[in-house]
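**Student:** Using the sequences and the hints, build the whole thing.
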Amino acid sequence: MPQIVVENLSKSYRVSERAPGVWGATKGMFRRAARTVEALKAISFSLERGELLGFIGPNGAGKSTTLKILSGILEPDSGRCEVDGLTPSRDRIRHVARIGVVFGQRTQLWWDLPVVDGFDLLRDIYSVPETQYRRTKDAMVELMRLEPLLDQPVRQLSLGQRMRCEIAAAMLHRPSILFLDEPTIGLDAPSKLAVRAFVKSLNRDHGVTVILTTHDMHDIEALAERVIVIGNGIILADQSFESLRKEVLTERRLFVDFVGAAPALDFPGVAELHRDGNSLELSFDPSVVGAANLISWISAEYDLVDIHIQQPRIEEVIARFYNLHGAIEA
Amino acid sequence: MNSSRLYLRYVAASIRAQMQYPASFLMLSASQFIGTLIEFLGIWALFHRFGQVRGWTIGEIAVFYGVVHVSFAIADSISRGFDVFGPEFVKTGNFDRLLLRPRSTTLQLLGHELRLTRFGRLLQGVVVFAIGVRMVPIDWSIADVTLLLAAIAGGAALFVGIVILQATLAIWTVEGLEVANTLTYGGVQAAQYPLDIYERWFRDFLIFVVPIGCVAYLPVVKLLGRADSVGVPLWMLDVSPAFGLLFIAVSLCVWRLGVRHYMSTGS
Amino acid sequence: MIARVAPYLSVFRMRFLIMLQYRTAALAGFFTQCWWGIILVMVLAAFFHGARSHEPISFAQAVTYTWLGQAFLVLLPWTGDPDVGEMVRSGNVSYDRLRPLDTYFYWYVRAMAWMAARAVPRAALMFVTAGLIFPLIGLGAWRMRFPSSVAAGLLFTPALLSVVLLSSAMVMLINLTVVATVSDRGANTLATPIVIVLSGNLLPLPLFPDWMHRFLFLQPFAGLVDIPSRIYVGNLTGAVALAGLLQQVVWIGLLILLGHHLMLRAMRRLQVQGG
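Those protein sequence lines, which keep their order, are chains C, S and A. Quick note: the first sequence, position 234, residue 233 per numbering that gives the first Met the number 0, numbers continuous. Quick note: the second sequence, position 235, residue 234 per numbering that gives the first Met the number 0, numbers continuous. Quick note: the third sequence, position 32, residue 31 per numbering that gives the first Met the number 0, numbers continuous.
Hints were generated in silico from the structure; no laboratory data involved. The hints are all genuine.
What follows is a set of in silico ranges between Cβ atoms, one per label pair, in the way DEER data are often shown: (1) S:Pro21 x A:Glu85: 26 to 32 Å; (2) S:Ser23 x C:Ala33: 43 to 49 Å; (3) A:Thr180 x C:Gln155: 18 to 24 Å; (4) C:Phe254 x S:Lys90: 47 to 53 Å; (5) A:Ala123 x S:Ser23: 34 to 40 Å; (6) A:Glu85 x C:His273: 44 to 50 Å; (7) A:Asn91 x S:Ile14: 32 to 38 Å.
Note that CB positions come from ideal geometry on N, CA and C, so glycine has one too.
**Tutor:** Given below as structure tokens:
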């Protein structure tokens with residue numbers, strides 16, 4: 000019995016349009032022209048308890064809409080959405096008591112209060128029993144190393160520190176599901192790594208079901224085995240990330256630094272991407288020529304300083320995927 | 000934790016947050032105190048020159064004034080969340096966060112902030128009221144005190160109701176409209192005088208449409224023993240503060256409709 | 000001389016035109032002002048009802064006085080120029096020093112344009128509403144009247160111009176506190192009640208006790224509402240009216256001198272600290 004079920008979920012918005020200029024503004028005061036935007040067109044998917052799902056897509060694809068419907072703050076137009084047996088928007092209070100939501104770059108804690116005071120207030124809002132609260136709080140504080148931050152007012156924390164507190168805050172009432180909306184946006188590299196590690200631990204060690212939306216593909220790479228790609232309101236892919244990568248981009252990259260000037264290479268399945276003095280960036284298709292064969296051939300033929308292989312960057316994979324399916328930014 | 004206790008927790012948190020800026024708090028409270036007191040300065044000047052207004056003396060005006068200002072100060076201080084709902088919750092999308100908590104939106108917005116600086120107006124209202132009752136003979140019976148407290152509570156409820164309606168409007172227009180300010184601040188301006196000094200149509204508007212008259216004017220008229228100058232049955236004078244509660248109940252229904260609308264159209 | 004004034008004129012024109020675009024903002028608050036004015040007028044009506052024969056200002060004069068106060072409400076020095084607040088917030092104050100203009104007058108002219116442009120649509124609307132529409136809907140007793148005489152109308156124009164000059168000089172002082180305290184809260188909150196009372200916005204100044212009259216006439220805020228309004232309604236005529244105009248000019252001069260001096264000091268401090 001899956002924990003989250005989404006079936007033929009649809010949602011449209013009415014967006015009012017205004018003609019430009021002064022005349023348009025005057026007209027706009029009396030009658031608003033509106034067009035309908037179909038944000039979600041009958042999407043379906045389901046999620047088992049303890050899964051970690053990455054939800055990706057270009058801007059305006061419908062990610063936020065889906066997340067809002069799943070969290071219960073937006074009503075769908077049609078279709079079925081069930082989380083732990085409840086319909087989110089109908090049983091709002093019961094449903095939100097069981098989920099945690101983290102919005103990137105925003106905090107739900109109180110700006111002028113010390114972090115721990117904000118935690119205590121959340122305990123009261125969620126009616127968490129005292130002993131359970133203390134245990135969860137201590138566990139989160141230890142997991143995310145929040146000890147030195149607890150007595151500081153939230154406004155004094157850096158974004159990275161705030162996000163760590165934010166994730167802890169979302170977990171205080173022991174939700175079984177955690178929604179993360181662009182949690183690493185704007186964070187510096189060490190903070191991103193920290194956030195990814197924590198989310199992974201919450202999922203692996205504590206069994207929390209996680210749905211993560213992000214534009215940072217390294218988040219996906221680090222965390223998600225399963226990925227749903229959404230574009231223009233429909234689901235374009237629902238599979239493991241590795242299989243997605245294999246499907247979209249079969250080629251690999253080879254970087255070679257020659258002793259002398261880089262030569263012109265002619266080899267089946269190999270194409271030159273970029274030439275820079277003594278260096279070459281090549282792309283090759285592993286089904287035509289194996290990596291090992293290619294490397295041994297080049298090193299036999301030429302004098303080399305360095306050689307290494309790379310997967311194509313994830314951004315390329317995803318961009319290529321969006322392209323293939325005509326999923327453009329709305 | 001039940002809702003009332005949670006509200007008190009919110010209040011404690013809000014006070015702690017405001018106390019982090021003590022200098023700013025003192026300055027704002029002081030300027031509120033002075034800023035509202037000057038209103039009475041204007042009234043005093045008029046009485047100094049004209050002696051009375053349509054049979055009312057300055058002492059009696061002071062009682063009306065005090066009751067209205069105390070009611071409004073209480074309402075103003077607790078309704079901050081609804082007051083800034085448009086710019087701070089709808090425009091920013093922060094309202095979503097409130098919907099993600101397993102509590103009613105009303106409780107959360109009431110708990111958003113308890114504006115302590117409004118104490119300036121409250122204090123000023125109490126001072127003027129005290130001056131008024133010294134000048135005017137009132138036999139304070141238990142019933143009278145109850146009526147006074149009910150008038151203040153009813154008035155506060157009415158003003159909070161107006162702000163709630165304004166917040167609901169912000170869901171539709173995002174910007175909200177200034178109309179509510181005319182009714183709150185304007186209502187205080189109007190009701191600090193006994194309503195019978197105004198034209199009939201205005202008095203009726205303030206009794207039947209926006210019932211500020213019901214919660215400030217009528218009960219105080221009864222207290223001052225002037226019941227016969229008003230064409231309203233006696234029993235209604237005693238019950239009039241209840242109209243404030245009725246008003247806020249209606250406002251909350253409208254609010255709930257607004258929240259449902261928000262949830263079906265997104266932000 | 001023209002060449003020296005020209006850049007300031009064009010600065011004025013530019014800000015004025017930009018501010019005129021904010022039409023919706025002009026309408027916001029108009030309804031509130033009408034309501035406010037009506038209540039004030041009704042209260043006055045109630046008090047004047049039991050009045051003895053001779054008061055320092057008649058009911059009709061007081062009513063028009065009140066509407067004038069509402070019409071020109073945005074000309075009062077409530078806050079500092081928001082542009083200055085923005086500059087202080089973003090730390091860009093010293094950039095204005097890069098222009099070949101006297102900083103005080105540069106800001107002064109901008110403040111004038113800011114205020115004047117916001118006042119024009121509101122004043123026009125208020126004149127039409129309280130002057131023309133009220134009589135049509137049966138509120139004729141509370142309408143805004145025309146200037147009491149040709150002379151009154153003629154003297155009102157320089158008085159109104161002086162309001163803009165005077166208020167801008169006061170706004171400049173607020174600007175300077177914003178720069179000095181590096182925050183845009185400034186002296187706003189305490190200044191507002193003082194401005195409201197002493198300008199005549201709360202209550203026409205002649206209605207205050209007689210013993211206050213001399214002080215109220217001489218203080219700087221009188222020139223913001225009281226003096227021009229009384230000239231308009233014919234409460235100040237002849238030599239006294241001219242005295243009122245002079246009072247405005249004197250305060251304008253004093254406040255500009257003070258502001259200019261403080262600006263020099265503030266800028267020098269900025270140069271030392273690094274803007």
